[in-house]
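2 protein chains.
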Amino acid sequence: MAQQIEVVLARPVTTKPCAADFAVVERATPDAGDGEILVRVAYLSLDPYIGSRLRGKHMGEPSPAPGESLPGFAVGEVVSSRHPGFAIGDHVVGECGWTELGVMRGDQARRVNASLPLSAHLGALGMPGLTAWAGVTQLAKVSEGDIFLVDAAAGAVGGTAGQIARNLGARAIGIAGGAAKCDLVRDAYGFDACIDYKQSGWQDAARLACGGGPTVHFENVGLSVLQSVMPMLRDYGRVVLCGLAEHYQSEGPPASLAIGAIIGKRAQMLGLVVYDFYPRLDEWVALATPWV
Amino acid sequence: MAQQIEVVLARPVTTKPCAADFAVVERATPDAGDGEILVRVAYLSLDPYIGSRLRGKHMGEPSPAPGESLPGFAVGEVVSSRHPGFAIGDHVVGECGWTELGVMRGDQARRVNASLPLSAHLGALGMPGLTAWAGVTQLAKVSEGDIFLVDAAAGAVGGTAGQIARNLGARAIGIAGGAAKCDLVRDAYGFDACIDYKQSGWQDAARLACGGGPTVHFENVGLSVLQSVMPMLRDYGRVVLCGLAEHYQSEGPPASLAIGAIIGKRAQMLGLVVYDFYPRLDEWVALATPWV
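Protein chains in written order, with the numbering used here: chain A, 7 to 298; chain B, 7 to 298.
Looking at chain A on its own, in the form it has when it is part of the complex:
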């Protein structure tokens, strides 16, 4: 029987995950059961939420037990199918563990366009891209003339968000860590500017790049950015609260923001959970495919 490797938990994760929390095990390649497909994984996406997810602190979902398959989206090719919706050779996105050949339930897998770069289906055309689209278009309702600021701008969500905002006529300013990431955000993603938060005085640089301050801020990181952005947010500014990645592995007190400025600026703080927008993924993919 064919063997393959899979990454599982060696022990429960209680704090920031480290290598010793994981084990690489050798297992028999599974067979697809009724309604399932067997997929050869090409790419696996380890998004920021996974850390919380492994600790049972993400949206009420239980943590995986040691030895169980782990959460996270993969893109790959169907190698056998017992679901009428999929044929061998189809490319799909779904969850099948951190493994080489994994089983997906057909009703939870999604066929993707193999003529595009496969990894895009986990990024701009996948959950991160949908997150960006939802925050920019459905929550902040960005339009022409907006000044759009986003952090983790070199990441899948932030990078896509800024490009959507630009396509809608906004000016897009990114925040990222280090010159290489900032170059990527400006030169490859086409942002109008990108600020390196590792440089002292980055707050002044961001304010300047925003011509005084943003009308929309898209938060992926947490207080270290948000507390600096609130003072420069324009009156009536919208803040999409998408992620607080810097706090996900923290055991300290919860991230807390001074709320007086929300009133003084007549700001809107808008909480975003991408799950709500999965029913509209096809809409986003159709819109974004020509851009990839």
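Incorrect hints may have been included.
Treat identical chains as interchangeable: a pair holds within one or across any two.
List time: in silico DSS-like cross-link candidates among lysine-lysine, alpha-carbon distance up to 27 angstroms [said to hold, decoys possible]:
| id | residue 1 | residue 2 |
| --- | --- | --- |
| 1 | K271 | K22 |
| 2 | K22 | K63 |
| 3 | K63 | K271 |
| 4 | K22 | K204 |
Since the hints were derived computationally from the structure, they do not count as laboratory data.
Based on these hints, arrange chain B on the given structure of chain A.
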């Protein structure tokens, strides 16, 4: 020359105002200058923002110097007019100091309907009522089926907000301090329920009265309420941040709220400044006059 009394500052206010900060002085009754009116004050409204205002900590407005006339809206009767828009006997709302007979600039005064209870023009039909209307209808966009929770429900803003929400088809639950205020909120204002926050376990009572939790919360007080409401707020709930009265006189660190729940609940936190809605005051007064 006629004399009258006026309340002014005896010294700059730097913390929570106390009696010794004020002086009652005797002054000559002023004359209306060009474009001004002289008004006999019937009621003066000392709203929660006044404390911050006296300390120069309200919306960037400077604090009044000792001896200067103090901010705050009054309603009264015109006793002499040098503005073409006002005649003797008109009733007006405007600012003229904490005094018996005060001068208002005609272009900053507003004629009101004297057949209604005069004090209503400083409450439900005045700035507090406009605040309530703006928060309920323009920010939270309350509609049929909403479960509307508001604190300081016996106050002018909270009491009006709940009544507007009920008129729009929502269920209105108040939070107030003490049995007498709660009776007022239920029996006179017609709320569906009112919770006494001075009773231990009021949070459970509020949750129960909201059938699990509110879909809209209107915050007038501050963290002592808001931190208890956030856990019971329904998914997609809207929170109007209107006032933080309990923090206005505080010298401690700024009131800060844990923001993780805003994301998890897909909540909207909406900052409200009533100044933005003054151009629509007539609209509110026309709507609310039949209710008074």
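Each hint, compared with the structure:
Proximity of K271 to K22 under the C-alpha cut-off of 27 angstroms is restricted to the inter-copy arrangement: shortest distance 24 angstroms between copies versus 36 angstroms within a copy. For a Cα distance limit of 27 angstroms, the shortest separation of K22 from K63 inside one copy, 12 angstroms, qualifies, whereas the shortest one across copies, 42 angstroms, does not. Taking the shortest alpha-carbon separations for K63 and K271, only the inter-copy value of 14 angstroms comes in at or below 27 angstroms, while the best intra-copy value is 32 angstroms. Taking the shortest Cα distances, K22 and K204 sit within 27 angstroms of each other inside one copy (23 angstroms), while across copies they are farther apart (41 angstroms).
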